[in-house]
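Student: According to the numbering used here, the sequence shown is numbered sequentially starting from 27.
Honestly, the hints are just simulated from the structure, not real lab data.
The model shown is predicted, which means the values in this text are computed figures rather than measured ones.
Glycine residues also receive a C-beta, built at the ideal position from the N, C-alpha and C atoms.
Treat the hints loosely; a few may be bogus.
Unchecked claim - Taking CB as the label site, the calculated pair distances span:
1) A37 x L109: 13 to 21 angstroms
2) P171 x G146: 26 to 34 angstroms
3) L130 x V166: 13 to 21 angstroms
4) A126 x R201: 35 to 43 angstroms
5) T83 x V112: 34 to 42 angstroms
6) G41 x G67: 30 to 38 angstroms
7) L148 x A111: 43 to 51 angstroms
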Amino acid sequence: MPSSRPPVVLALATGFGALNAALDLSSSPGARFGGSLLNAGWAWAGLAVLTGALVRTPRRAAAAGWLATSAALLAFALADALLRAVPPAATLRGDATWWAASLLVCPVLGFLGSRVRDPGPLGLLARLLVPLGAALEALVLPPGPAGDPVAVAARAATWLLAAAGALAALRHRAREDPARAGR
Numbered sequence: 027m028p029s030s031r032p033p034v035v036l037a038l039a040t041g042f043g044a045l046n047a048a049l050d051l052s053s054s055p056g057a058r059f060g061g062s063l064l065n066a067g068w069a070w071a072g073l074a075v076l077t078g079a080l081v082r083t084p085r086r087a088a089a090a091g092w093l094a095t096s097a098a099l100l101a102f103a104l105a106d107a108l109l110r111a112v113p114p115a116a117t118l119r120g121d122a123t124w125w126a127a128s129l130l131v132c133p134v135l136g137f138l139g140s141r142v143r144d145p146g147p148l149g150l151l152a153r154l155l156v157p158l159g160a161a162l163e164a165l166v167l168p169p170g171p172a173g174d175p176v177a178v179a180a181r182a183a184t185w186l187l188a189a190a191g192a193l194a195a196l197r198h199r200a201r202e203d204p205a206r207a208g209r
């Protein structure tokens with residue numbers, strides 16, 4: 027792993043978490059829209075996958091997927107505590123389910139991120155994971171109340187991002203060298 031990547035990954039993760047907390051507390055439509063997208067499970071999964079893609083080697087990518095989401099969770103909790111003026115321990119305890127989910131799921135997501143450049147089925151799965159997760163989440167857990175204009179816009183943006191991500195993954199698949207795809 028190039029030595030410049032850990033600081034980039036850490037900055038990305040902590041910025042993601044802190045921005046998420048700030049957007050959660052804002053009532054402006056733009057912030058609510060951004061918060062709906064960043065606070066979605068697929069966006070957090072995407073952080074772990076992206077981290078794995080940046081790190082590239084499978085073991086390090088698995089560790090980096092967990093570490094990045096843990097750094098984002100910690101940044102979220104600390105920013106949330108600071109912005110709400112509550113003790114950090116209260117927000118950290120309140121996120122126990124997310125810490126457990128990060129420990130169980132994000133190493134797998136980081137590993138899959140390390141495989142996004144691979145030809146063949148595993149690479150395709152890795153590239154489609156976040157777009158398909160976004161589509162599934164939009165179906166099962168759509169953001170916000172049904173009639174809220176910000177929630178409707180966030181839902182539409184989620185579908186648009188999922189479709190764009192799936193098309194990019196499939197396009198990458200079509201460009202793969204057929205001789206290498208069978209390996």
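Student: Range hint 34 to 42 angstroms: satisfied by the CB atoms of T83 and V112?
Tutor: Check passed, 39 angstroms falls within 34 to 42 angstroms.
Student: Taking the Cβ atom of A37 and the Cβ atom of L109, is their distance within the range 13 to 21 angstroms?
Tutor: Distance hint for A37, L109 holds at roughly 20 angstroms.
Student: Given the range 43 to 51 angstroms, decide if the beta-carbon distance of L148 to A111 lies inside it.
Tutor: Holds: the Cβ-Cβ distance is about 47 angstroms, inside 43 to 51 angstroms.
Student: Take a look at whether the Cβ-Cβ distance between A126 and R201 falls inside 35 to 43 angstroms.
Tutor: holds, 39 angstroms
Student: Taking the Cβ atom of L130 and the Cβ atom of V166, is their distance within the range 13 to 21 angstroms?
Tutor: holds, 19 angstroms
Student: Per the hint of 30 to 38 angstroms, is the separation of the Cβ atoms of G41 and G67 within bounds?
Tutor: violated, 19 angstroms
Student: Just to be sure I understand the hint, the distance between the Cβ atoms of P171 and G146 should be within 26 to 34 angstroms; is that true here?
Tutor: violated, 42 angstroms
Checked against the numbered hints above, the structure breaks hints 2 and 6 and satisfies the rest.
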